[in-house]
Structure formats: C-alpha cells, structure tokens
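If you want the building blocks of each chain, they are given just below.
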Amino acid sequence: MIRPLSFIFVLIAAVGFGMSWGAAGAQAGALRVVEPDPPAALPEFALKDHRGKPFTAERFKGKWTLLSIGFTSCPDVCPFVLSNLDAVVTQLSVRVRPDNLPQVIFVAVDPKRDAPVLGEYVRHFNDDYLGVTGSHEELKKFVEGIDGFYRLGKPDKDGEYEVQHSASVIVVGPDARIHAKLSPPLPAGEVAEYIAQKRILFAREQRTN
Amino acid sequence: MTRSVSNSRLANSRLANSCLANSRLGCLAGAALAVLAAVPLAPAQACEAHAAYKTEIAEAKSAVMAMDAWVPLAPPGLKAHAAYLVLMNHGTEARAVTAVSSPQYKHAMLHLSSMKNGVAMMQHLAQVDIPAGGKVAFEPHGLHIMLMGPKGPQAEGGTVDLAFTLDDGSTLEVAAKVMKRADAPAPMDHGAMGHGHKGM
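For the protein sequence lines, the chains are A and B, in the order given. To convert a position in the first sequence, counted from 1, into the working numbering, add 148. To convert a position in the second sequence, counted from 1, into the working numbering, add 1139.
So that you can see chain A by itself, here it is in the shape it has in the complex (with noise of 0.2 Å):
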C-alpha cells in the first residue's frame, strides 16, 4: 500500500522517551515525510461527519486534506496534534488564499464516546475542522486503508478505556488520493513548508499533464 519510498529524516530531536515534542513549531527539523509512489487511492468508507452528513469521497475533492486519528477522551496527544494542525493552517493562511487552505479532518475511532461530543470537540481547535466518525467496521475500512491503525482497550473497573492509534497526519491531495504520510512530531513550520510545496508541484504536474 503506502511504499517509504523517500524518507525525509533530517533531525529526530527526541532524547530518550521521545519526550522532546514541544510546542507548536518549537523544534526545527524534525518532520518526518514517507510519501507513496504513485499516490495511492482512498480505500471504500461510509462515514459520516460531526454533522450527521454522509461523509463521501467527494469531500476530499479539488481540496487538500490534513487527516487525523484520534479519540475524544484522549488528553495529551490527539489535542497536541490538532493544535498543531491548527498553526499550520495558520502559517499556511499567510501564503496561499484562503479556499486554497487545506481542511482538517479528525477521523474519530471511539464512536460510542465520540459522537455526542465531536462537533464542539473539532470546533475547539478550529470552526473549520471536520469530524468524522462511523461504525467499527467503516472506521476499520478507513482507517487501515489510508495505512493508520487503531485499536480500543479493555475496559477498567470503571468502564473506562484506553484507545491507542496512528499518530500520523495522512495527506489527500486534490485527487482524493493519499500523497504522504507525516509522522510525529509534526513542526508546524516545517509541515506548512511541507503542503505549500506540495500544492506547487501538484499544480505543476497538472498543468503538463
């Protein structure tokens, strides 16, 4: 499915635990790149986003795609990502126009926790961010075919659950195929760089073809 075909692996900051993902953009250097050679193609889904609207393909269409594995009840990571998604989009809003920027698009794996709270969740971060969420089978359909992973844990004592996931930001192009694979950290700097570059080159491709 997704080959590592170019490994842009410039500097791993993390010390020991990997605990150095600081704040939004605080560390330089650190985004790692592994992009599918050709652009892969979105698997099936029927999904359905915070708004109870059918969430199809075609959304992903004419548009580029920050896409992002998560759970609501998660505190550390999945907030510090799409916080960071956030400052790139931000960073972004300064060189490309606005129906240029990319949507955000949180792809939330606890459905029986995450639905009654995804709307307000996404828009904490940013009015603009879409949720979208289903039933197990969909989201495993999803999920695996864009090359993520989630997995939900055994409930405590107090019905209580840890979820673990992909941390990584998967990139769709305009051509609703998938074009890269971001991995922790992601510095918002160098991710903003990272899709302005990208949408250049992918405009340019489309020109000579």
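Calculated directly from the structure, the hints in this document are not laboratory data. Please note that the accuracy of each hint is not assured.
[Said to hold, decoys possible] Straight-line Cα separation of at most 25 Å, BS3-like style, residue types lysine-lysine; simulated pairs: (1) A:Lys260 - B:Lys1274; (2) A:Lys260 - B:Lys1316; (3) B:Lys1218 - A:Lys302; (4) A:Lys211 - A:Lys346; (5) A:Lys305 - A:Lys289; (6) A:Lys260 - A:Lys209; (7) A:Lys288 - B:Lys1290; (8) A:Lys305 - B:Lys1245; (9) A:Lys288 - A:Lys260; (10) B:Lys1255 - A:Lys289; (11) B:Lys1319 - A:Lys302; (12) A:Lys196 - B:Lys1218; (13) A:Lys288 - B:Lys1319; (14) A:Lys302 - A:Lys288; (15) B:Lys1290 - A:Lys305; (16) B:Lys1274 - A:Lys305; (17) B:Lys1319 - B:Lys1218; (18) B:Lys1290 - B:Lys1319; (19) B:Lys1218 - A:Lys305.
All figures in this text were calculated on a predicted structure; none of them were measured in a lab.
Starting from the structure of chain A, add chain B where the hints point.
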C-alpha cells in the same frame, strides 16, 4: 548561598538519623563525621541538636519543587484533561512521585504517552523518579497528569489543585493554571534532562 547550605544539611540527614537511633557512641561518631563534612557544630552540641536536625529533615522533604504547572483548556464536555509541569529535586537524594490527586477530578494518574511504530499509546505509571539535583518535565506528547472526570466546568484562567505524593511520604501541592495551548509555557531544554519511570 541558601541552596548549598540546605544541600549540606541534606547530605547529613542520614547521620542525624543514626544519631537518633543509636547510642551516644554512634552519636559521637556521627557528629565527628558531620564535622568532617564541614557542618559548623561542635561534637558535644551535635546530639543536643537532634531536634534542630529533625526540623531540618522535615524541611528537606520539600526539596521537590514545581514550576510552569498548566492545564490546557479542553473542548467542553470532555471527561479527560491533562496537566503539565516541571518537577525539580533540589535535594541530594533521589525522590519519586508515587501518586497524584486533584479534588476537582474523580481520578488523577501519572501517565506517559509513547509511540511505537507510529502508534500513540498511553501507559499508566506507578511512579516517576526525580533524580537528586535533577528535574522531570511533564509535557505534551510525553509524561502528563491524566485528569479523569472533571467535577465542574473548566474555565480559562482558573486553577486546578494538584497534590503529589512523594516516596518519602510528603505531599507537594501545586496549583496549575488553566490556559489555551497557544499560551503554554515553552518546553524545557531536554539536553540536560534525566528522569526515569516505572510502569505499572
């Protein structure tokens, strides 16, 4: 300098203990060692000074200090929040945090977010070690205090009271400020950091 004084007192806290527990002979030996360690007390006075030492040992228990404690403003309705801070151990003995609680939440836990093959997971830690003279940073995407079940709504500018239990039985109380992620304290320099954890 205050800090070096308190450190030398800490270094002698074991001697003071042996002084309390043992005979006069042991006490004298301890006092003699204390003199070698440049504590300005005459041997004869040293044992009479038990009480003073005990007070100092009690003070030494607060050798762990907290800074930059904050709780990111979370989306409304969420049952899980996180708290971050830096814990510093100014003492000469390693300390460990063994538990944490907050009156504003049903549960609080020491957690570590980790990544394995690009998959994020959380680990519940039994304790977090703070080396002597060292510090441990609880930061996004790493160590954090997991706060489960808020008893009331969270408000920007508000505070979350945290109580850390240390392995010497003492408690460290910290007020963490609720703020937007964008206003968070800058992450510390990891180059000089030493820390360790023990899993559950």
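Tested hints:
1. A:Lys260 - B:Lys1274: Violated: lysine 260 (chain A) and lysine 1274 (chain B) sit about 39 Å apart, past 25 Å.
2. A:Lys260 - B:Lys1316: violated, 31 Å
3. B:Lys1218 - A:Lys302: holds, 18 Å
4. A:Lys211 - A:Lys346: With a Cα-Cα distance of about 12 Å, the restraint between lysine 211 (chain A) and lysine 346 (chain A) holds, given a limit of 25 Å.
5. A:Lys305 - A:Lys289: Outside the cut-off at roughly 30 Å; violated.
6. A:Lys260 - A:Lys209: violated, 29 Å
7. A:Lys288 - B:Lys1290: This hinted pair is violated, its Cα atoms lying about 34 Å apart.
8. A:Lys305 - B:Lys1245: holds, 14 Å
9. A:Lys288 - A:Lys260: holds, 15 Å
10. B:Lys1255 - A:Lys289: holds, 21 Å
11. B:Lys1319 - A:Lys302: violated, 32 Å
12. A:Lys196 - B:Lys1218: holds, 23 Å
13. A:Lys288 - B:Lys1319: violated, 33 Å
14. A:Lys302 - A:Lys288: holds, 18 Å
15. B:Lys1290 - A:Lys305: holds, 19 Å
16. B:Lys1274 - A:Lys305: Answer violated: lysine 1274 (chain B) to lysine 305 (chain A) is near 33 Å, above 25 Å.
17. B:Lys1319 - B:Lys1218: Holds. Lysine 1319 (chain B) to lysine 1218 (chain B) sits at ~18 Å (cutoff 25 Å).
18. B:Lys1290 - B:Lys1319: holds, 20 Å
19. B:Lys1218 - A:Lys305: Holds: lysine 1218 (chain B) and lysine 305 (chain A) sit about 16 Å apart, inside 25 Å.
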